[in-house]
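Protein chains: 2
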Amino acid sequence: MYRSHNCGELRIGDIGRSVTLAGWVQKARKMGGISFIDIRDRYGITQLRVDESCPASVAEVSSSLGREYVIQATGVVEERQSKNEKLDTGDIEIRLTELKVLNASQTPPFTIEDVSDGGEELRAKYRYLDLRRNPLKKALMLRHRMAVEVRNYLDRQGFLEIETPFLIKSTPEGARDFVVPSRMNPGEFYALPQSPQTFKQLLMVAGYDRYFQIVRCFRDEDLRADRQPEFTQIDCEMSFVEQEDVLNLFEGMMRHLFKEVCGVDIAPKLPRMTWFEAMDRYGSDKPDIRFGMDISEVTSLVQGNGFSVFDSVPYVGAIAVPGAAEYTRKQLDELTEWVKRPQVGAKGLVYIKVNEDGIKSSIDKFYSPEQLQAVASKAGAKIGDLVLLLCGQKRKTQTQLGVLRIEMGNRLGLRDPKVFAPLWIVDFPLLEWDDETQRFYAMHHPFTAPKPEHLKLFYSDRKEDLEQVCANAYDFVLNGTELGGGSIRIHEADVQQRMFDVLGISREDAEYKFGFIINAFKFGAPPHGGLAFGFDRVCALFGGQETIRDFIAFPKNNVGRDVMLDAPSRIDDAQMDELFLKSTANE
Amino acid sequence: MYRSHNCGELRIGDIGRSVTLAGWVQKARKMGGISFIDIRDRYGITQLRVDESCPASVAEVSSSLGREYVIQATGVVEERQSKNEKLDTGDIEIRLTELKVLNASQTPPFTIEDVSDGGEELRAKYRYLDLRRNPLKKALMLRHRMAVEVRNYLDRQGFLEIETPFLIKSTPEGARDFVVPSRMNPGEFYALPQSPQTFKQLLMVAGYDRYFQIVRCFRDEDLRADRQPEFTQIDCEMSFVEQEDVLNLFEGMMRHLFKEVCGVDIAPKLPRMTWFEAMDRYGSDKPDIRFGMDISEVTSLVQGNGFSVFDSVPYVGAIAVPGAAEYTRKQLDELTEWVKRPQVGAKGLVYIKVNEDGIKSSIDKFYSPEQLQAVASKAGAKIGDLVLLLCGQKRKTQTQLGVLRIEMGNRLGLRDPKVFAPLWIVDFPLLEWDDETQRFYAMHHPFTAPKPEHLKLFYSDRKEDLEQVCANAYDFVLNGTELGGGSIRIHEADVQQRMFDVLGISREDAEYKFGFIINAFKFGAPPHGGLAFGFDRVCALFGGQETIRDFIAFPKNNVGRDVMLDAPSRIDDAQMDELFLKSTANE
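In the order they appear, the protein sequences are chains A and B.
Heads up, the first sequence is in the working numbering, so the first residue is 134 and it goes up one at a time.
Heads up, the second sequence is in the working numbering, so the first residue is 134 and it goes up one at a time.
Source of the hints: derived by calculation from the structure; they are not laboratory data.
Hints are not guaranteed to be accurate.
The list makes no distinction among identical chains, and a pair is therefore deemed to hold if it is satisfied within one copy or across any two copies.
Within a straight-line C-alpha distance of at most 27 Å, the following computed DSS-like cross-link-like pairs (lysine-lysine) qualify [to be verified]:
#1 Lys160 with Lys655
#2 Lys258 with Lys655
#3 Lys419 with Lys715
None of the values given here were measured: they were computed from a predicted structure.
With the rest of the complex left out, here is chain A (with noise of 0.2 Å):
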């Protein structure tokens, strides 16, 4: 062992111990004849202390230092004369009788501080280096604490850890697949799976009862922001359960990693509340509850007064921000421009000011202030507040002003990331119907149950009764982010090719792509229900931060590149002929 202690640990109590330390220099400073170095490692820093006492070697070498160079230092515990509180070991420091260099440095491309001086590619290409600064040691370690806390409640509870294979078989439902060349296999591939979906609901046929399992996960997307190629999920199933004993169980998992982690508590009893309902009041299936302002139908109360923007659609709804009324022309003419952007994608903004001495409207003209303020009164607004409406379709209005909402929130400080405000969105619908290619699509995946109470109108032929049919499932939301999501499953083989001839896939289909599980379920699957929560977004969220890139070690930039390894990168001929392989990439 190269040293005695780490640099975290030393106190007050071990003054007049002898100690050697390793670690790398953080900043090596020199005031009059005494020089102080910072030696770092992943516990924390302590200062060495070089003066005249001390052997002239120590002193040469301690000359020679810079920047990250890898050290080993012996010597005396000794009270410091100015304390540093900001450090866990700011009352000691260690005068030093040895001083070794284990590894020089070059310097750094960038400063290894908490906030540093290189730019995100630099820094991305230098990982190992962008890794030293604290708030990604603090990300990883929190990240390592997560998963450690995430198996130990679940073992707690029975559930077993099982590993499922990453070489497996295509399905080209969903998300494109990452697919693996087969060598011995010529002409054939393996696909890297997009969750281990299909492998946890054969371990419940199989009769584990309680699977989990911390994951990596693939799906080769076009890359948008904070997506990864790679990722992460906390994977889970449970047999003879139903949506109930799935809710409180995992609920039971967070507050216990809330507590665990953040310190945090959460209510005993998460809210539940209905997608509908969250479309209707926060235009969001993953509402922010962290503040109000909630979404107002408000189409009754301003037609048939021949403002035809708004006669001539089926739905408008309004929002108050609270204290806005005071925005100017300027400002409410940014707020138009900023609705109209295509991310948002409204035609346009009407605003009602609630003041101190009457109301103000885009459209006065074709309202009595009575009418307004009875819009204004259903919004919830008071005075001082400005209300906001859009029109038009009923659930892309309601999206709309859910993405205006959180944007007001934003601006008005309401979204304070040390607040936790976690729900259950429940009752999704099972089916969206596809204008484009006029067909259903499942919501959640084809595995997802209809409701028991839902099943008659699942059988129905009309496409109005099966869009009304509910699915038993769910997503944990946080702080307007979905950290996961899950369902009970169809375990009775006729519900489930019921479920494929809804969605147009043909038995043939349906027996390539699902046969194995279609085959599973014919020997005794119970009934069974799970989720998946995203470990990476989990991480980031609990962690206080929007971006999941600094909870990953070794993420990969927004073209599925990895910067340092310069991956991916071209094999060379003879490999490709191995897999049976050519390339087009250049014809």
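Take the given structure of chain A and dock chain B to it, following the hints.
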């Protein structure tokens, strides 16, 4: 929840309680007017009783049941008339008041018993049914327990579990990589990691000090029996340590596992044997030390007597097989054929029987009884033992003797899977010379450090000097199987460069393949080392098995196929086009 209790928990103290169980029909039988149903879940088996006191509907459902039906049964716990001591629940039964079929089952294609009547291929196809059998359930539960204990042990030792990427860069050193074509980067490929070796070293450079991960690895090898293309490692690395620190910490971990998982106490300090001693004494770098039968060199005792077979070779070695002097001529002929098989590769076999009434040998016309007795004594033979001799090149012959030794250990029943005899093999040669390609290869991998006392030899240009260089490398061996291994790594850029030079890896090649790690080492790499255990095999041996397949939930067969999924498989042309690939498999 479909149940109030599981099928393994009811006891005599529960008599009189009304309970609901859910599970699978293990078997159902009728005795007179009474039916008994054994209901099974992960936790155990409970007997259900249907008699004339039960509602008619219960009797009716009961008579419709088949094997593996999923049922829900409600009734009252009663004391059994004839108790079953083999079952934890054998004191009680449930007299049913309600019985419901949750899901029917086709008759499984093989029996769900400890020993099934199904063949290997059939059971692989219906893996989800095979997994219902007790031996597999126990294997996966053991694996879960092992993972929990490994993680908690290492967590308590200050290790952080840090996830490393799966989509990395192909480095054509060593075994073949599986590759993953990148759609977003046409013509380029990711590789799946053979191990996180470089990442864990980068994490040490980044200052994470103690890293571990239980992680999937991939190797596209021509499969041998009991090899899997994907396998799991316990992967570990530590900074500021010397070899002895690593060995002590991880034998502590293994001792913890033996104690917690198997209830076995292992000696507080494991034996350490040099690679040279292991080869000389056991003809193997993974010796089974549960039994003796050490190899002895007898070259000097047998040369110069006119027996040209021995005179013409550099090495003659012997083992003494206890109590095997009674071997018949036929048995000895069979053994001679056995060592001549290509898997062993010996030219022939010489024996010396040490009988009560004197020595008998296949070479007694060349040697006096005293000479033969001297050979037998050197081999440690007592009266009643059979001495077996092989000859040829030293290491090759020792290896053959090692294989013969294991075979004789098996035949004599000396290899009890319930006995655990772990040890460390240390001081491996750093380099292996390959005659065919006329170059050195790294015995472990190119990042393994030479022993500091051999540094001068390492910089020599003479082949003989380089062959003598030992590595700070170590293997953990249990009962004749290597469970893990590792090394102290090179942390100095110039030593690493020398290593590449010795291996004949050009600067350009090294830069292309390992550029990022060579570069990382310029920015303050600490002294570090680590190791990795093969988790599948560790689980198998702890479970008293030799083959790993039962300890993997969904293994692949000998040609890398998942016969349940029918993977790998063809992908459609559209997907090939998206990946800029053409298959040449059918050209």
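Tested hints:
Taking the shortest alpha-carbon separations for Lys160 and Lys655, only the inter-copy value of 18 Å comes in at or below 27 Å, while the best intra-copy value is 67 Å. Proximity of Lys258 and Lys655 under a CA criterion of 27 Å is satisfied inter-copy only: 14 Å between copies versus 52 Å inside one chain copy. Taking identical chains as interchangeable, the C-alpha atoms of Lys419 and Lys715 are never at most 27 Å apart, the minima being 45 Å within one chain and 42 Å between chains.
Checked against the numbered hints given earlier, this structure breaks only hint 3.
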